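Chains A and B supply the protein sequences, listed in that same order.
Those letters in the first sequence? Residues 501 to 914, per the numbering used here, in order.
Those letters in the second sequence? Residues 135 to 320, per the numbering used here, in order.
Among these hints, one or two may not hold up.
Computed list of lysine-lysine pairs in DSS-like fashion (alpha-carbon distance at most 30 Å, straight line) [unchecked claim]:
1) A:610 / A:860
2) A:584 / A:594
3) B:301 / A:787
4) B:278 / B:293
5) A:860 / B:174
6) B:301 / A:858
7) A:770 / B:301
8) A:770 / B:186
9) B:174 / A:787
10) A:787 / A:860
11) A:858 / B:168
12) B:293 / A:705
13) B:186 / B:168
14) A:610 / A:858
15) A:770 / A:584
16) B:301 / B:168
17) A:858 / A:541
18) A:858 / A:787
19) B:186 / B:174
20) B:278 / B:301
21) A:787 / B:293
22) A:770 / A:835
23) A:787 / A:705
24) B:301 / A:860
25) A:705 / A:770
26) A:860 / A:541
27) A:594 / A:610
Read the hints as simulated data drawn from the structure, not as lab findings.
As the structure is a computational prediction, the values presented were derived from the model and not from experiment.
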Amino acid sequence: MRTRCVIIGAGHAGLAMSHCLSEYSIDHVVLERGEVGNSWKHERWDSLRLLTPNWLARLPGYCYSGNDPDGYMTMPETVGFIEKYAKVISAPIKLNTTVTSLNTDGSNYKVVTNQGSWQCESVVVASGACNLAHVPAMAESVPSSIAPLTAMQYRNPEQLEAGGVLVVGASATGIQLANEIHQSGRPVTLALGEHVRLPRVYRGKDIQWWMDALGILDERYDEIDDIVRGRNIPSPQLVGTPERSMLDLNTLTAMGVRLRGKLAGINDGKAQFSGSLRNACSLADLKMGRLLNTIDEWVAENNLDGEVDPPQHYAPTEVEESPPLMMDFVKDGIKTILWATGYYPDYSWLNIPVLDRKGKIRHDGGVVDSAGMYLMGMTLLRRRKSSFIHGAGDDARDLSAHLVSYLNGNVKPD
Amino acid sequence: MSSTNPVVNNGVNVEALLGARAALTETPAAAAFKWRATCKWVNGTHSHSTVKSFFGLGEEQSHRTEYSFDADHPEIFASEDNGATPVEMVLVGLASCLTAGVAAVAQHRGIQLNSVSATLEAGMDIQGILGIDSDVRNGFDGIKVHYDIDADASEEDLKALVAQSQKRSAVFDIVANPTNVTVDVN
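Using the sequences provided together with the hints, build the complete structure.
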C-alpha cells in the first residue's frame, strides 16, 4: 500500500497530527496496534484520572463540552473523549495493526505491520512515551519471597497480597499508588529521590489554570537552559479527584506512610536507602516556593489580588530526624515491591539509526534526525506542555507545517 | 539565573565547566575518570597518604604537585596524634566538595559570595568499632553540616544554592549512598 504519510499510534498526539494533515489534504493513514487510546484503555490503573482539568482537554478542532469543566476524566472518559475526537475528525485509522518494522532507503519509508506494509514519504512516530515500565537493575536482587510488580501491571490494591508494600518512586504515579494501597490496609513504605511537589489548587484556581494563564507550559524546548534535564523531570505529585484535594508527601506521612530515601541498593534481603531524603525534599519545597512566588507576582502585576484567594503557604515537607537507611524485607513484613520508577517508549520495531545512546530518538523539537520523520507526544518535545493532551495541538500544527514543506521539497535533508 | 553577569566573580570559570560538560556529552568515554591515593603505614595508627596521578579525558593526568596527608588517632586512643583521624578526613572531603559546589553554582546563578564557611559534626557510637555491640554500625550515625554564607542573595536563593550543591556533589553521593568496596592483598 502507498500513502504520503504514516502516523504510528492513534492516541491524542497521532490524531491531532492526522487532523492537521487532513487540513492540508495530505493523504495519510494512522496505524494503531490495538484500539484508539489503547495505552489509556489497557495499560493504566483503575483509579487513574487525568492530571489536567476537563476544560484543558482541547485538541485541534475539538474540545471538552461536558458539564464538569473543573473535573478530571477517568480513563474510560479519556478513552471516550479520544474516540469521539477520532470520529469528529474522520481520522483514517487502521485498528489492530501492529507495526513490526520501520525502514528507510533514504528517501522513502517502509512500514511493515501484521496487516501488510505501507510505502510512504514521511512518518510520524506517535506511539507514546510510556510503553514499557522502567525497572532498575537492582530489581534482580529483590528476595524471591517478595512479589514484584510494575506500575504498568498494577490495577488496584486487591491485586496485592495482604501485608506491607515498598513503593519505589514518588512521581504522580508513585504517590497515587502509595495513597490508595496504604488506605487499603497494606502499610506502605515509599522510597523517593528527586520529585516535583505541587498544590492541586492554589489561591482558588487549579494549578494547571495558573500554568496556562502564566504561559509556563508554553515555554519552548529551545528556550530551556538544560533540555536533557528538563525532559527527565518526573511528573508532578498531583492527583485528579472530584474533591480536588492535594496529595503530597505530608499527606502521605499524616496517614502513616513511611518515607525513605531513594532506593540505592538491595543486598542480602535488605533494601538500602539513600541519605539524601532531606535534600530531595528541600529541592522540591524550594522549587514549589519559587513557582508560587512567580504566581503571586503575576497576580500583583495584573492587579488581580482582589479577584483570587489570598496567597497560601505550605508547611515544608516533613522528614523524620533520622530516616532509616536500611530495611529488611522479611522482618519489616514487606510482601510486595511496586516499581513506580518511570516508563519508556518501545522502539523495538524501529530499524532506522536515530536512537541516542540512551535509546531515545534524536530530534530537534520533534523533527527527527532522518528526513521526513517526526516524533510526537514526548515530554518537552517542543514545549513544556508537549506531553499533555492540550499540548498536542500546537506541536501538531508546527510539525505538520514542517512535514508538508518537506513533502513539497522545501526542506533539504542535512 | 545567568552566567553572563560580569560583576560576579567567585573565582570559578563557569564557561570552562559548561564547555567541558558540552564536550563530555559528545564523548562520554572521556568522562571516565579514575581517582587514586596511596597510603603507607608509619607506626602505630599513624599513616602517610599521598595523591598525585589520576586518569581522565582519556589519558593519564597529574596534580601540579604531590599532596600528602598524615592520619592518626588522638591521644585519648593511646595514639600519638600525628594527624587528623580518617573519619575527620571524610568530613573534610564532604565539606570541601560541598563548598566548591556552592561557589560553582553561585557563579552560574550570578550570586556574588562574600564569605562561606561550613561547620560539620558527625555522631559516632564507638561501641561499633570496638566490637562491643554488633547492632551498632562502625560509621557515623549521621552528619550535620551548617553553612554560614554572606552573599548578595535572598535566604531562599541561598537555600537553593546549598541544595543544588548537595545534588551535584560527588562526596555527598559517596557518603549518602552505598558503594561497592573491594579490598585485596599482595
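Comparing the hints with the structure gives:
{"no.": "1", "hint": "A:610 / A:860", "verdict": "holds (21 Å)"}
{"no.": "2", "hint": "A:584 / A:594", "verdict": "holds (16 Å)"}
{"no.": "3", "hint": "B:301 / A:787", "verdict": "holds (14 Å)"}
{"no.": "4", "hint": "B:278 / B:293", "verdict": "holds (15 Å)"}
{"no.": "5", "hint": "A:860 / B:174", "verdict": "violated (48 Å)"}
{"no.": "6", "hint": "B:301 / A:858", "verdict": "holds (22 Å)"}
{"no.": "7", "hint": "A:770 / B:301", "verdict": "holds (25 Å)"}
{"no.": "8", "hint": "A:770 / B:186", "verdict": "violated (38 Å)"}
{"no.": "9", "hint": "B:174 / A:787", "verdict": "violated (47 Å)"}
{"no.": "10", "hint": "A:787 / A:860", "verdict": "holds (27 Å)"}
{"no.": "11", "hint": "A:858 / B:168", "verdict": "holds (23 Å)"}
{"no.": "12", "hint": "B:293 / A:705", "verdict": "holds (28 Å)"}
{"no.": "13", "hint": "B:186 / B:168", "verdict": "holds (12 Å)"}
{"no.": "14", "hint": "A:610 / A:858", "verdict": "holds (25 Å)"}
{"no.": "15", "hint": "A:770 / A:584", "verdict": "violated (49 Å)"}
{"no.": "16", "hint": "B:301 / B:168", "verdict": "holds (21 Å)"}
{"no.": "17", "hint": "A:858 / A:541", "verdict": "holds (28 Å)"}
{"no.": "18", "hint": "A:858 / A:787", "verdict": "holds (27 Å)"}
{"no.": "19", "hint": "B:186 / B:174", "verdict": "holds (14 Å)"}
{"no.": "20", "hint": "B:278 / B:301", "verdict": "holds (16 Å)"}
{"no.": "21", "hint": "A:787 / B:293", "verdict": "holds (11 Å)"}
{"no.": "22", "hint": "A:770 / A:835", "verdict": "holds (13 Å)"}
{"no.": "23", "hint": "A:787 / A:705", "verdict": "holds (19 Å)"}
{"no.": "24", "hint": "B:301 / A:860", "verdict": "holds (25 Å)"}
{"no.": "25", "hint": "A:705 / A:770", "verdict": "violated (44 Å)"}
{"no.": "26", "hint": "A:860 / A:541", "verdict": "holds (25 Å)"}
{"no.": "27", "hint": "A:594 / A:610", "verdict": "holds (16 Å)"}
In summary, the numbered hints that this structure violates are 5, 8, 9, 15, 25.
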